[in-house]
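Novice: Sequence:
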Amino acid sequence: MSNIDKQAFRGQSVEGSFYLVECSNCGEMYPSNLLDGGEAIADSGDYGDCYCHLCGADDTERADWGDVNSNEAKAWNFQQKRIEALLDELEAAEKRIAELERKEQHSDRQSVIDALASSGEEWSDIEEYMQKWDAERAAAAGKGEAS
1 MSNIDKQAFR
11 GQSVEGSFYL
21 VECSNCGEMY
31 PSNLLDGGEA
41 IADSGDYGDC
51 YCHLCGADDT
61 ERADWGDVNS
71 NEAKAWNFQQ
81 KRIEALLDEL
91 EAAEKRIAEL
101 ERKEQHSDRQ
111 SVIDALASSG
121 EEWSDIEEYM
131 QKWDAERAAA
141 AGKGEAS
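Last residue of the sequence shown: 147 in this note's numbering, with the numbers rising by one and none dropped.
Everything labelled a hint here was simulated from the structure, so no lab data went into it. A couple of the hints might just be wrong.
[To be verified] In silico lysine-lysine, DSS-like type, Cα no more than 30 Å apart, as pairs:
id: 1; residue 1: K81; residue 2: K6
id: 2; residue 1: K6; residue 2: K132
id: 3; residue 1: K95; residue 2: K143
id: 4; residue 1: K103; residue 2: K132
I would like the entire structure built from these sequences, with the hints used as guidance.
Specialist: So, in structure tokens, the structure goes:
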């Protein structure tokens with residue numbers, strides 16, 4: 001999911017006075033609080049038109065699937081909780097993978113230093129070699145190569 005904005009999947013529950021909307025133009029479903037427009041028109045008591053926040057379709061091009069108590073909204077909210085739980089698990093796994101990769105890189109680096117030191121290399125030579133080694137690994141990581 002590296003190319004997908006995971007935050008866009010969060011906060012999609014239908015709550016309070018909002019309802020579930022399906023845009024007839026782009027086909028996406030979302031809670032009505034994400035609609036654009038709909039602001040109060042001065043002191044008239046009326047509200048402006050609402051538009052799909054994804055494609056800009058107006059009020060006439062959307063279906064109302066019910067308020068927070070409708071079966072559709074309840075099913076939507078149930079699925080949303082599952083999606084958010086899966087996202088939490090995914091983010092925790094990604095964090096753990098990054099942590100393990102950092103530890104592995106540190107361990108590899110330390111093994112090289114230990115091998116050079118045990119072979120009798122001078123510290124200044126080891127330091128110079130490690131600077132080159134670090135630069136090569138950083139360049140490889142920047143290109144997406146395995147290090």
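Novice: The structure should be examined with respect to each hint, and the outcome stated for every one.
Specialist: Each hint, compared with the structure:
1. K81 <-> K6: holds (14 Å)
2. K6 <-> K132: The given pair, whose Cα atoms are some 37 Å apart, is violated under the 30 Å limit.
3. K95 <-> K143: Given pair K95, K143 holds - Cα atoms ~21 Å apart, limit 30 Å.
4. K103 <-> K132: Holds. K103 to K132 sits at ~20 Å (cutoff 30 Å).
Violated hint: 2 only; the structure is consistent with all others.
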